[in-house]
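Assemble chain B onto chain A, guided by the hints.
There are 2 protein chains.
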Amino acid sequence: MSRLTVDPARFATLDALVRPRSVAVIGASDEKARIGGRPLAYMLERGFAGPIWPVNPKRPTVQGLPAFASVADLPEAPDVAIIAVPAAMAIDTLDQLGRKGCRAVICFTAGFAEMDEAGAAAQVKLTETARRHGIRLLGPNCLGVFNDAIRFYGTFTASFEKGWPVPGRIGVASQSGAYGTHIFSAGLDRGLGMQVVITTGNEAEVALGDVLGWMAQAPEVDVICAYAEGIRERESFLAALDLARRNRKPIVMMKVGRSQLGGAAAQSHTASIAGDDAVTEAVLEEFGVVRARTTEEMLDIAYAAAKRIYPAKNTLGVLTVSGGAGVLISDAAEAAGVAMPPMPEAAQAKLRSLIPFCAPRNPVDCTAQVTNDLTMIDTFAESVAADGGYTSILSFWSQTAAGRSLGPKLQEKMRAVRAKYPDRLWVMSMLAPEKVREYEADGWLCFEDPSRAVNAIAAMGRFGAAFAKAEQKAAELALPQVTLPETTPTEAAAKALLAEAGVPAVPERACATPDAAVAAAKAIGFPVVLKILSPDILHKSEIGGVLLDVADEAAVRAGFATLLERAATHAPGARIEGVLVAKQIKGAVEMALGIFRDPVFGPVAMVGLGGIFIEVLKDVAFRRCPFDVAEAERMIRSLRGFALLDGARGRPKADVAALAKALSSLSAFAVAAGPRLAGVDVNPLLVLPEGEGAYAADAVIELG
Amino acid sequence: MSRLTVDPARFATLDALVRPRSVAVIGASDEKARIGGRPLAYMLERGFAGPIWPVNPKRPTVQGLPAFASVADLPEAPDVAIIAVPAAMAIDTLDQLGRKGCRAVICFTAGFAEMDEAGAAAQVKLTETARRHGIRLLGPNCLGVFNDAIRFYGTFTASFEKGWPVPGRIGVASQSGAYGTHIFSAGLDRGLGMQVVITTGNEAEVALGDVLGWMAQAPEVDVICAYAEGIRERESFLAALDLARRNRKPIVMMKVGRSQLGGAAAQSHTASIAGDDAVTEAVLEEFGVVRARTTEEMLDIAYAAAKRIYPAKNTLGVLTVSGGAGVLISDAAEAAGVAMPPMPEAAQAKLRSLIPFCAPRNPVDCTAQVTNDLTMIDTFAESVAADGGYTSILSFWSQTAAGRSLGPKLQEKMRAVRAKYPDRLWVMSMLAPEKVREYEADGWLCFEDPSRAVNAIAAMGRFGAAFAKAEQKAAELALPQVTLPETTPTEAAAKALLAEAGVPAVPERACATPDAAVAAAKAIGFPVVLKILSPDILHKSEIGGVLLDVADEAAVRAGFATLLERAATHAPGARIEGVLVAKQIKGAVEMALGIFRDPVFGPVAMVGLGGIFIEVLKDVAFRRCPFDVAEAERMIRSLRGFALLDGARGRPKADVAALAKALSSLSAFAVAAGPRLAGVDVNPLLVLPEGEGAYAADAVIELG
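Taken in order, these protein sequences are the chains called A and B. Once you know that position 637 of the first sequence is 637 in full-length UniProt numbering, the rest is easy, because the numbers rise by one and skip nothing. Once you know that position 649 of the second sequence is 649 in full-length UniProt numbering, the rest is easy, because the numbers rise by one and skip nothing.
The following block holds chain A by itself, in its conformation from the complex (with noise of 0.2 Å):
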């Protein structure tokens, strides 16, 4: 349904960024700890297999390689030139690497648009240099990029202190240097292969999208941790996470910024455009990203993730020795979304003839019977897998699996049954740290608290899901003809606009006799509305100008005439137009729509339930346009107040298939309007009961 406009061939052009095959340090130092001279000290500890070029004027040599004087004197252009100098020389030195032929660059150099005014400034000379050339730059004030699986690391980072990259296919992309390598770091102390990391800084042209894009469609990664402060750039970074989703490749993410507090020091922290966090959540979840709330929730996803099994249709089995914990499995399954169907009654009934008081019906509790004998576990747990059918399954052994006697055969009887259904998604809750590498070799994932391991596994569904919805082919959404008027409409003329978009009004038409009036009211159905239709009558009820429940062709002349009348004995000298014929509307459930333009995202719909429930609960989602009327379905499905639309406290069904097609057309309508468009208030929106439509009572559209 997005609209893209980056070639994700396009990613491709980092390749010299992430993949180089020779690389120059600009500023390059002979002291190992010195910004300059950690890369080489890196890649020549790692063994990068391309040739090093260190450009310093000052020596002869660097860290024992031959430097060079300027990047003139080098000897061909470099696949990517790393710059480690003052910000006063940076510009010119990509100037120069730009007319040497250098295509791919990372800046380290501080002092750019996270400084000042004047380092703003700076920023835009930097960025243009770089557009010049055809340059893709990395930074400024970024930590860099590392690619241990070519050992080409272009970075400064510290964080090798504690160790070289595990082999890996889990890759890193942040804007924050220091956070970026914390998950890295974080990562390195659990076993995960990171090999990949990449940080943006700055992001004066490589951004956080680029960065993800060539990830989607790289081989060296199979599953995406981003970390993110603010989107400043749209296009790539919907393409990127279109691309990723349609590669099967997970993307989890940390968006932080989420709190008004947390929102302000971002702002200080970088030149970014924060955005609205809903906004940015609610494009995070049209792709299928799943966002982490923690580092150590992203790298609990990412752990499950990289094996690479994402079941379209999650169900959970549980198999316990204890029933308390099956009872904490069940709460956050239920908390985080997993479904947990019960075991088929047959094979229940087989389980408890092989133990009377087991509790088989999911969670599985086999009892702490099973931890004196473990002749049954084998057959419980293939049950499970078996007839139970589920496509994750949890086994709870709290500190039994480390036990001296009962451990190997706990660890022997599980490997077999997990062998012989590689598809699923087998995980252990245990209390076993020195067993976890063991079972991990056997294909298990561990985690010690059985509530981290129902969210990593609610997350693997999510993704199977979006990977899923992203093979359907979405129908293409005609877009509307719309031509914005040169001011801003009245509410008459913004409701026409509308109504020809596909979100209609409420029906009602100015008569000048009773005859047009009988003609209008048949056309648009009994009940009907009449109002005394007069441009010097402002307050049509307080002189009885205002007829409900009009019923019939004789009630329509007749109040045609009452209405004609009150208004000659309570407003004499009023111009008369005749009469205005509206539908009658009762019943209907109030709900608000709205466009409004994010700074990066462009047109975002909301809609939510009218008054108290928008002004007071924020009971309201968001979507960015345009969408189809099934996903404004979803939106409206989303809506925590949205039992009142499906019949609650005795109220017929509202029409939600109504409601969903006004959303969606509008959403046509704001991106058809192009970018004149501010914003649309339709407020509100009525909802019949089923089959009887929604009208809006009100519209404002306003221009930029």
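Check each hint, because a few of them may be wrong.
Heads up, the list lumps identical chains together, so a pair's fine if it works in one copy or across two of them.
To be verified - Restricting the straight-line Cα-Cα distance to at most 27 Å, the calculated cross-link-like pairs of lysine-lysine (BS3-like) are:
| # | residue 1 | residue 2 |
| --- | --- | --- |
| 1 | Lys-307 | Lys-435 |
| 2 | Lys-313 | Lys-469 |
| 3 | Lys-162 | Lys-435 |
| 4 | Lys-540 | Lys-586 |
For the record, the hints were derived by calculation from the structure and aren't laboratory data.
Here is chain B on its own, set in the frame of chain A:
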């Protein structure tokens, strides 16, 4: 406010169960791995100081100890006896122990209420036997208890294969044996000192509340971890929570069965009455018990609580080397409800003069610059403590703390600053597992994940606030005199009963004459509503029998005449009793108040905004009855829709004081009315603008 009927001294009667000087094991086994063998093996290995008497009719010695053929043969009554015999013999064994003079028994034996009807009946007999002898009975179907401080092991858990308890004063009280030892084992893996663990099993006599109460007064325990599936007993439980709070002992509790799914599993797992989760939640909140959602969260909180620093007004200062982490921590603090006030302006200016590009507001981001040169880090840390005055200080260092060069320097500087402010909660978030023990020895709390650190810090503030509240003298709440009628009262009678108790109804008076109506209107206050009063006229408005906005004496007289005339015209022959004069209520906020009887905790009050708020959004607050006006106001302010009472959408502020008074009065009424009161519904209660009161428009009282 709670009326406690349990003398805290009663909890000391559990001393013999947890701190015995002599132990008998009935059904003692020579095999160390058997249920009847483990307690002996554990105590022998650990060196329990008192005599251990195995009872086994078939052997002269058991595990090297002289054995006794029967309970009668024991040299004297043991302080505690452990029953490890089959179910069929358990009751008789308990009776023998009682006759011998034993007053504390731990019953491992299963096959009682957790099994079937016959087992439940046997459990009733077991309880009767214990009560007859005045025995404190733990179990049956429990894993027992251990108290490593005196090397007492009255348990058959297999969890010591990983190691013995380490010193520390965190106590574990658990209804589930398997989950109780899971908590212990998980704590041991982290080095937490949990020397006392008590599991209650079927709770035939000793319930969770007794155990919590014992811990609340026992010097062995500073911090209590509790695991519950359902609270079966009220008095001890409430007294224990109250005592723990007064003794400044924090309780962190997992109460599973939160979800519908979990609730079902909890019931199949134990013979527990799970009770309504929302009521338990309200009771825990009342006493400042912090509810943990996961074992990990429980252990994080217990770990922090063991420092015994509980700020009554908690504020968080953050010192970070990563702006991104600062934002993340701000998000987490807002979500957890921890205040992060900014640093004083002068202190900010001082820090800015030291590191120009630092962000010193709070989070205080001293930037990565500081990691190249630690000379200023102690100045920054001290400023956060001294100038900021925060009660909790979280310092984020990622992997820097693990650095070979910077690590030791950082540790030394931070140690010095911390030592000057030992009353603060000093918390490190770092990726340096090998440094954790050293920092802990310096007095720091260490967390890898900053979000988990924030959660633990938040819990310390919640404990502190609860302890401070316990120190305030709560006004004794006067209960009204209530005499319930024989049968369910009519609406009018219900309103009258409630009005007497302090929940006023909409003022109205039946008047037979115009003079009486004028007097009534004057008493109630103008404007009033007049309604025709006749047992024969059910739908007053249909005959024009209701007059609104009756503004003065003349209008009352005129209205009286009009109503009688309309009645004569439209309902000839109806018996007319006169006119009802009622207060005119306009612009009120509709609330719903209610009382229901929880099977465990007795009368519970509920308050919510009327209509959709309750039915669709479940936006309600609960509290055990009775409670004072301040507590009632806290409940009201906790509603998501509170803004509606607080002047949202241009309304005047509602009379929250009158609402709170009505709610508190209702709670006192519920207690005073006694157990015959099954429930009360006041719906709606109309809350007028500030100073104008709150009035019940309808009320139902149900009797049981």
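Against the structure, the hints come out as follows:
1. Lys-307 / Lys-435: Within one copy only: 19 Å inside, 32 Å across.
2. Lys-313 / Lys-469: For Lys-313 and Lys-469, the Cα distance is within 27 Å only inside one copy (11 Å; across copies 49 Å).
3. Lys-162 / Lys-435: Both. Shortest intra-copy (23 Å) and inter-copy (12 Å) distances satisfy the 27 Å Cα cut-off.
4. Lys-540 / Lys-586: This pair counts as both: shortest intra-copy Cα distance 20 Å, inter-copy 23 Å.
Of the numbered hints given earlier, the model fails none.
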